[in-house]
Amino acid sequence: MGNRAFTMDQLLTVVSQIESVLNSRPLAPLSDSPDDLSALTPGHFLIGEPPFSIPEPCLSDLNPNRLTRLQEMKRSVQDLWRRWSRDYLHQLQQRLKWKKATADVRTGQLVLIKQDSLPSLQWPLGRIIETFTGSDGHVRVVVVRSATGTYKRAVTEISLLPIDSDDEVSNLDDAAGYNQGPENSGQDAGIA
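Just so we're aligned, residue 1 is where the sequence shown starts under the numbering used here, counting upward by one.
Keep in mind the hints are simulated off the structure, nothing from the lab.
Glycine is no exception: its CB is placed at the ideal position from the N, C-alpha and C atoms.
A portion of the hints provided could be inaccurate.
Cβ-Cβ distance ranges computed for the label pairs, FRET-style [to be verified]:
(1) R82 <-> P34: 18 to 24 Å
(2) D36 <-> L67: 39 to 45 Å
(3) P162 <-> T7: 33 to 39 Å
(4) N63 <-> P119: 18 to 24 Å
(5) R140 <-> G48: 25 to 31 Å
(6) N65 <-> A147: 37 to 43 Å
(7) L30 <-> L67: 36 to 42 Å
(8) D9 <-> A103: 47 to 53 Å
(9) L70 <-> Y151: 34 to 40 Å
(10) G108 <-> G149: 33 to 39 Å
(11) M8 <-> L40: 32 to 38 Å
Given these sequences and hints, build the entire structure.
Below, the structure written as structure tokens:
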């Protein structure tokens with residue numbers, strides 16, 4: 001944790017809090033309902049619900065020499081959250097537009113809304129309710145409805161969830177071998 005030295009118990013506490021941060025990230029929408037803004041997280045698989053935390057004051061602006069040991073531990077987790085959430089959103093936004101054509105965002109998709117200075121485990125989610133295309137025919141601006149209101153955002157200020165579209169599910173099915181074989185010639189196989 002940088003130049004901070006923790007005891008074994010303190011380190012275990014910090015690592016468990018970091019685990020909660022990593023397991024809070026949204027993976028896929030829980031439903032297609034336009035009113036549902038909840039997402040599936042790794043925490044759902046581990047504890048049956050997404051991890052949560054009590055909001056705490058930001059400690060990154062304080063002088064490290066005046067922090068108590070507990071505050072040092074909390075600051076370490078806050079520092080990791082700030083770096084990891086920024087890097088994770090950046091990774092979700094990477095576009096392969098120069099190598100592969102990608103589909104534009106569309107109405108009804110659940111997205112992460114980029115916001116700076118969010119407390120740990122807070123992922124602002126919203127549904128796209130309207131899209132605006134640029135002169136090139138690609139979506140450049142969207143209107144997103146979130147739990148706190150409706151906002152107009154550039155597509156660079158939102159990120160699709162890692163497993164969001166039918167294309168992603170189709171790609172996962174292809175990788176697992178579900179869509180292969182002569183009996184599945186372009187049609188969905190029925191389950192009896």
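To see whether the hints hold, each was checked on the structure:
{"no.": "1", "hint": "R82 <-> P34: 18 to 24 Å", "result": "violated (31 Å)"}
{"no.": "2", "hint": "D36 <-> L67: 39 to 45 Å", "result": "holds (40 Å)"}
{"no.": "3", "hint": "P162 <-> T7: 33 to 39 Å", "result": "holds (36 Å)"}
{"no.": "4", "hint": "N63 <-> P119: 18 to 24 Å", "result": "holds (21 Å)"}
{"no.": "5", "hint": "R140 <-> G48: 25 to 31 Å", "result": "violated (39 Å)"}
{"no.": "6", "hint": "N65 <-> A147: 37 to 43 Å", "result": "holds (39 Å)"}
{"no.": "7", "hint": "L30 <-> L67: 36 to 42 Å", "result": "holds (38 Å)"}
{"no.": "8", "hint": "D9 <-> A103: 47 to 53 Å", "result": "holds (49 Å)"}
{"no.": "9", "hint": "L70 <-> Y151: 34 to 40 Å", "result": "holds (36 Å)"}
{"no.": "10", "hint": "G108 <-> G149: 33 to 39 Å", "result": "violated (18 Å)"}
{"no.": "11", "hint": "M8 <-> L40: 32 to 38 Å", "result": "holds (34 Å)"}
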